[in-house]
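*Asks:* Those sequence lines, one after another, are chains A and B.
Take our numbering: the final residue in the first sequence is number 362, and no numbers are missing along the way.
Take our numbering: the final residue in the second sequence is number 340, and no numbers are missing along the way.
The hints are simulated quantities; they were obtained by calculation from the structure and are not laboratory data.
Think of the CB as a built atom: it goes at the ideal place given N, C-alpha and C, for glycine as much as any other residue.
Among these hints, one or two may not hold up.
Unchecked claim - Non-contacting residues of chain A with respect to chain B, defined by C-beta distances greater than 10 Å in every case (computed):
#1 ILE22
#2 VAL39
#3 GLY45
#4 ASP73
#5 GLN108
#6 GLU205
#7 PRO281
#8 GLU303
#9 THR307
#10 SER348
#11 TYR358
As the list claims (entries may be wrong) - The following label-pair restraints were derived from C-beta to C-beta distances:
#12 LEU257/A <-> GLU134/B: 39 to 45 Å
#13 PHE30/B <-> ASP111/A: 31 to 37 Å
#14 PRO103/B <-> GLU303/A: 41 to 47 Å
#15 ASP252/B <-> GLN152/A: 31 to 37 Å
Spelled out, the chains give:
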Amino acid sequence: MDLKQFRDPKLAHELIELIGKICKGRTINLMEVCGTHTVSIGRYGLRSAMPEGLKLLSGPGCPVCVTSNHDIDCAIAMTRVPDAIVATFGDMIRVPGSTTTLGAEKAQGADVRVVYGPLDALDIARKSPTRPVIFIGVGFETTTPVVGSAVQMACEEGLSNFYLYCAHKSTAPALAAIANDPDTRVDGFILPGHVSTVTGLAPYEFLARDFKTPGVVTGFEPVDILSGVARLVAMVAEGTPRIENAYGRGVDNCGNLAAQKVIEDVFEPCDAVWRGLGPIPMSGLRLKGAYAAHDAMRAFSPEVEPTRETRGCRCGDVLRGIITPDQCPLFGRVCNPEQPTGPCMVSSEGSCAAYYRYREHN
Amino acid sequence: MQKDTEVRLGHGSGGAMMKRLIDDLFLDEFSDEAALPGDDAGVVPLGGERIAMSTDSFVVTPQFFPGGDIGRLAVCGTVNDVATSGAQVKYLSCGFVLEEGYPMDKLRQIVRTMAQTAAEAGVSIVTGDTKVVERGHADGVFINTAGVGLVPAGVNLSGRNCRPGDKVLVSGTLGDHGICIISQREGLAFSTTLTTDAAPLNHLIAAVLEAAPHTRAFRDPTRGGLASTLNEFAEASGVDIVVAEDDVPVRDEVRGACEMLGYDVFQVANEGKMVAVVPADEADAALAAMRASRYGENAAIIGEVCEPACESGHTVRLKTAFGSTRILDMLVGEQLPRIC
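Produce the complete structure using the sequences and hints provided.
*Replies:* Next comes the structure, spelled out in structure tokens:
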């Protein structure tokens with residue numbers, strides 16, 4: 001499929017005009033909850049192309065950014081497990097915990113390895129059978145199934161040295177928290193594309209049903225996003241909230257049943273603490289049944305330093321859409337990609353990193 | 001700004017961290033007026049002539065990758081760095097740091113490649129050094145090469161020479177080498193037909209200089225990619241640079257890989273590409289010379305140099321097909337593949 005059509009500037013401008021017509025005289029807040037959407041919106045300058053009164057807010061869409069300091073500290077504590085190899089997604093390397101980062105520990109000699117995915121960590125476990133290999137699992141439903149598969153494979157192969165530090169989370173509870181948040185007004189959700197390939201549309205139905213808030217699953221090209229925005233503002237204007245799929249080439253309405261089954265087999269919901277959103281019941285995941293033998297916290301119980309939040313860092317408010325990154329007093333001057341204070345600036349798909357990288361030149 | 005107390009991997013990635021290390025530590029101790037800090041080659045007077053000299057070290061893993069090996073990089077890297085001064089590169093030195101246990105047949109293959117590449121570039125390797133360290137103390141093979149050449153009279157290339165109105169050219173597709181290497185790296189491997197673009201570009205540079213004698217500067221966008229090179233030019237010359245995103249040649253496979261990994265193609269390393277800044281009235285001639293050269297068939301004019309938009313800064317900006325403009329920053333630290 002030629003994706004160029006989804007980047008056609010002419011089509012994009014037509015959509016922008018349509019959005020402008022529908023939005024005339026209204027104030028509408030739309031929130032996206034997917035880091036890749038944040039990056040796309042920034043990269044194509046869509047935010048400033050929106051008509052007056054229509055705001056595109058970035059929500060808790062980046063799994064690295066919503067990982068709490070305590071979780072980061074636990075991941076770092078895993079590097080002190082004797083002889084351990086800690087395998088992690090690249091983004092996690094630079095995320096500040098209470099006092100240090102995985103990258104800093106690596107520089108001090110800890111065996112921390114960046115991998116593209118958990119199957120690569122499994123490979124490391126096979127090649128180093130006498131050493132514990134601890135994979136730091138972060139991510140929403142996009143990532144959880146493949147991590148679950150890795151744990152299943154470890155179980156089947158008897159790879160008892162493969163462990164998971166599980167900080168995986170589910171998207172829908174975060175959406176509920178935002179919808180319930182009195183400080184945030186969201187009139188419609190741009191729903192995540194990749195997460196939805198796994199979950200389908202069912203987890204979002206409560207938004208339309210209980211909160212009368214529409215949601216549209218969209219892809220990541222500029223025309224995708226603008227189509228989603230056009231549908232959302234139309235539903236807001238008509239007062240007809242529904243959950244729609246505008247990313248049919250990537251998402252089946254029922255999602256990926258095989259992936260859903262893996263999540264169901266390997267994990268069970270648990271309470272989790274989200275940066276910015278605080279504790280959300282049953283929003284996290286942990287290994288269950290026989291798979292719990294691969295749970296790193298259960299196996300090692302490492303000593304974790306007391307959690308300290310960084311002074312002045314407003315990643316939490318950014319994640320709730322209460323402020324935009326450039327409204328944080330640390331943004332740019334003190335907190336920037338070269339010396340990030342909070343995870344929203346570190347992660348390549350964090351709101352602050354996206355705002356900084358794609359800042360428009362005045 | 002927080003001072004680093006330890007060396008980090010980011011200090012070697014060719015971006016802002018490395019620049020800080022060079023400025024705050026190396027140049028702080030080494031400052032010598034004879035050298036022109038900031039350009040890829042130092043041009044110094046010797047015996048009534050001007051010689052250009054440069055050095056580079058090669059630590060790439062894996063040592064063998066599609067289309068080349070560390071030996072080819074070791075010759076091309078230094079040949080290209082010296083050539084950016086406009087010098088005719090003549091002689092290289094090469095030093096090896098070998099890890100105990102490294103297979104001799106692999107070493108011979110690397111050295112053979114160096115000989116072949118040197119012959120292609122028309123340079124001679126005239127002196128060298130060999131050290132062996134214990135197993136685990138080097139990643140197989142580390143190579144350092146240094147090169148010298150004479151700079152012809154009247155040729156004064158430097159990153160400081162860029163002027164508003166000048167055009168920016170690249171000699172071909174960007175990102176090939178960096179993505180090729182990443183695709184081989186353990187833990188990140190993915191299948192691709194991409195090969196490295198490592199190539200000696202001294203002949204291409206000579207052809208461009210002949211067609212466009214008032215060329216301001218050349219630089220090869222290695223670690224840190226095009227973004228770092230253009231930011232270096234902008235800072236050294238006190239100008240802004242604007243690039244039209246759609247005019248930058250990028251292979252579909254590279255674009256696809258960058259999207260998959262979440263990489264910015266403008267920050268990905270190249271080993272066989274040259275950026276040239278040329279006065280507007282010589283740009284077409286320079287482009288024609290590039291395209292007629294081996295390794296330059298996909299050359300393009302990608303942007304131009306402008307007056308700085310604000311007094312205190314110098315920026316590199318990217319114009320998208322949408323008409324939006326974003327700032328193209330220097331790479332910070334390492335590019336990290338994204339999660340989802």
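*Asks:* Work down the list of hints and note, for each, if the structure agrees.
*Replies:* Hints, one by one, checked against the model:
1. ILE22: The assertion about ILE22/A holds, with a minimum of 21 Å to chain B.
2. VAL39: 8 Å, violated
3. GLY45: At about 3 Å from chain B, GLY45/A fails to clear the 10 Å cut-off, so the statement is violated.
4. ASP73: With a cut-off of 10 Å, ASP73/A remains clear of chain B, as the shortest Cβ separation is near 19 Å.
5. GLN108: 8 Å, violated
6. GLU205: Its Cβ never comes within 10 Å of chain B, the nearest being 23 Å, so this holds.
7. PRO281: It holds; PRO281/A is separated from chain B by about 24 Å at its closest Cβ, greater than 10 Å.
8. GLU303: 23 Å, holds
9. THR307: 22 Å, holds
10. SER348: 5 Å, violated
11. TYR358: 5 Å, violated
12. LEU257/A <-> GLU134/B: 39 to 45 Å: Violated, since LEU257/A and GLU134/B (Cβ atoms, about 54 Å apart) do not stay within the stated range.
13. PHE30/B <-> ASP111/A: 31 to 37 Å: Hint holds: Cβ distance 35 Å, inside 31 to 37 Å.
14. PRO103/B <-> GLU303/A: 41 to 47 Å: This hint holds: roughly 43 Å between Cβ atoms.
15. ASP252/B <-> GLN152/A: 31 to 37 Å: 35 Å, holds
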